[in-house]
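Undergrad: Sequence:
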Amino acid sequence: MLVLALLLATHGVLLAITAVNLVTLHRRGQDRTALGAYPTLSVLIPARNEEDNLRRLLPSLLTQDYPNVEVIVVDDASEDGTAAVLSAHADPHLRVLSGEGPPSGWLGKPHACYQAAEAATGEAFLFLDADAELTDPGALRRLVERFAACGANAVLTGLPRYTGTGGGLLLTSLVPFALLTALPLSLVPRMASPALSALNGQCWMIRAEAYRRYAPHQVVKAEVLEDVKIGRLLKRHGMHLHLRDLGGEVRVEMYRSFGEAWRGFRKNAYLLQGGSLLRFLPLHALFWMLYVVAPFVGWPLLGTTYLLKGLADRAARFPLWVTLLTPLVLLCGALIQLDSAFAHATGRVAWKGRRV
Numbered sequence: 001m002l003v004l005a006l007l008l009a010t011h012g013v014l015l016a017i018t019a020v021n022l023v024t025l026h027r028r029g030q031d032r033t034a035l036g037a038y039p040t041l042s043v044l045i046p047a048r049n050e051e052d053n054l055r056r057l058l059p060s061l062l063t064q065d066y067p068n069v070e071v072i073v074v075d076d077a078s079e080d081g082t083a084a085v086l087s088a089h090a091d092p093h094l095r096v097l098s099g100e101g102p103p104s105g106w107l108g109k110p111h112a113c114y115q116a117a118e119a120a121t122g123e124a125f126l127f128l129d130a131d132a133e134l135t136d137p138g139a140l141r142r143l144v145e146r147f148a149a150c151g152a153n154a155v156l157t158g159l160p161r162y163t164g165t166g167g168g169l170l171l172t173s174l175v176p177f178a179l180l181t182a183l184p185l186s187l188v189p190r191m192a193s194p195a196l197s198a199l200n201g202q203c204w205m206i207r208a209e210a211y212r213r214y215a216p217h218q219v220v221k222a223e224v225l226e227d228v229k230i231g232r233l234l235k236r237h238g239m240h241l242h243l244r245d246l247g248g249e250v251r252v253e254m255y256r257s258f259g260e261a262w263r264g265f266r267k268n269a270y271l272l273q274g275g276s277l278l279r280f281l282p283l284h285a286l287f288w289m290l291y292v293v294a295p296f297v298g299w300p301l302l303g304t305t306y307l308l309k310g311l312a313d314r315a316a317r318f319p320l321w322v323t324l325l326t327p328l329v330l331l332c333g334a335l336i337q338l339d340s341a342f343a344h345a346t347g348r349v350a351w352k353g354r355r356v
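Mapping of the sequence shown onto the numbering used here: position 233 corresponds to residue 233, and the numbering continues sequentially without gaps.
If you're looking for bench data, these hints aren't it; they were derived computationally from the structure. It cannot be assumed that every hint is accurate.
In the PhoX-like style, the derived pairs of lysine-lysine whose C-alpha atoms are separated by at most 20 Å in a straight line are [to be verified]:
| # | residue 1 | residue 2 |
| --- | --- | --- |
| 1 | Lys267 | Lys221 |
| 2 | Lys352 | Lys221 |
| 3 | Lys352 | Lys267 |
Ranges between beta-carbon positions, derived for each pair [stated by the list, open to error]:
| # | residue 1 | residue 2 | range |
| --- | --- | --- | --- |
| 4 | Ala222 | Pro300 | 41 to 47 Å |
| 5 | Ala215 | Ser98 | 20 to 26 Å |
| 6 | Gly101 | Asp52 | 18 to 24 Å |
| 7 | Leu4 | Gly151 | 25 to 31 Å |
| 8 | Trp299 | Asn153 | 44 to 50 Å |
| 9 | Ala9 | Ala83 | 51 to 57 Å |
| 10 | Gln218 | Leu62 | 27 to 33 Å |
| 11 | Thr165 | Ala37 | 37 to 43 Å |
| 12 | Pro92 | Glu123 | 32 to 38 Å |
Even glycine gets a Cβ: it sits at the ideal position worked out from N, Cα and C.
Please work from the sequences and hints to get the whole structure.
TA: Right under this line is the structure:
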């Protein structure tokens, strides 16, 4: 009974955090500032082996009604048809930089983002992953208006609408679940502690002057979790991170299959839990206890587990079938963490044909 009570109390705390987060996202969902003049905007996209994704992203960007925009894509030594897709979408607003891979001491994505920023001329930068897509021709306008509503010295980031099918979408649901159940979002812009930061590298906006002042991609050039590190860096410099529901403006299909999703999360999971066995082991044990073992301790815990996952899924617009498979998703999450720890310990972490 004591174990059941402790687990129920912990789930209760997590449910409270999740509920407050959902209220926060809803209240801030449409915060926008009408602008008389829109700033020049640079949309910066790192791309390695992204031919399929770019076929969706580029048309959604090049049909925007935003008045002053440039799109810069860095082809990071792609080995597929990325270059051909970029050529096929030639447009006055599109600039393509051809890279030869990162130099010594850099990882590919930070270096590609750095190159794009160096070439950018906009007053504001929007970093987008190549697997993103804008929802409609007014999406950029609304993103800039929402950015303006955050005030000075701000970074706008958030949760896109995650799309896809099958096992790829199933595992992707771990992303909003981890974020919404563990991090009090309303405290992120208010408290100075870098530990309370949340920056989603799939989509974030910053003023060009602030980016150049703090040079975030140069600082985190060798980091796999570059977005997490950038969030903490910017908070240390006094910037305010605003995490919003961006599902009305941005869609992201992270992975197309169960295997691809597993490999993608394998490279990050161990690092997200501290990157050392001393930190990983207690956090991993806690995950097993709260989400894998707890549902078998008693029916109330099965119910609270489904409720936690269901609330996160609804907020992130996942279909009902994903929620129904909650025990399977959370078991996979625990196993991915173990696989990630082993992969990092044995030096076999790779992504898009490169060791990381």
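Undergrad: If a hint holds in the structure, say so; if it does not, say that too.
TA: So, going through the hints one by one against the coordinates:
| no. | hint | result |
| --- | --- | --- |
| 1 | Lys267 - Lys221 | 16 Å, holds |
| 2 | Lys352 - Lys221 | 17 Å, holds |
| 3 | Lys352 - Lys267 | 11 Å, holds |
| 4 | Ala222 - Pro300: 41 to 47 Å | 46 Å, holds |
| 5 | Ala215 - Ser98: 20 to 26 Å | 23 Å, holds |
| 6 | Gly101 - Asp52: 18 to 24 Å | 21 Å, holds |
| 7 | Leu4 - Gly151: 25 to 31 Å | 45 Å, violated |
| 8 | Trp299 - Asn153: 44 to 50 Å | 48 Å, holds |
| 9 | Ala9 - Ala83: 51 to 57 Å | 56 Å, holds |
| 10 | Gln218 - Leu62: 27 to 33 Å | 29 Å, holds |
| 11 | Thr165 - Ala37: 37 to 43 Å | 42 Å, holds |
| 12 | Pro92 - Glu123: 32 to 38 Å | 19 Å, violated |
The earlier numbered hints that this structure contradicts are 7, 12.
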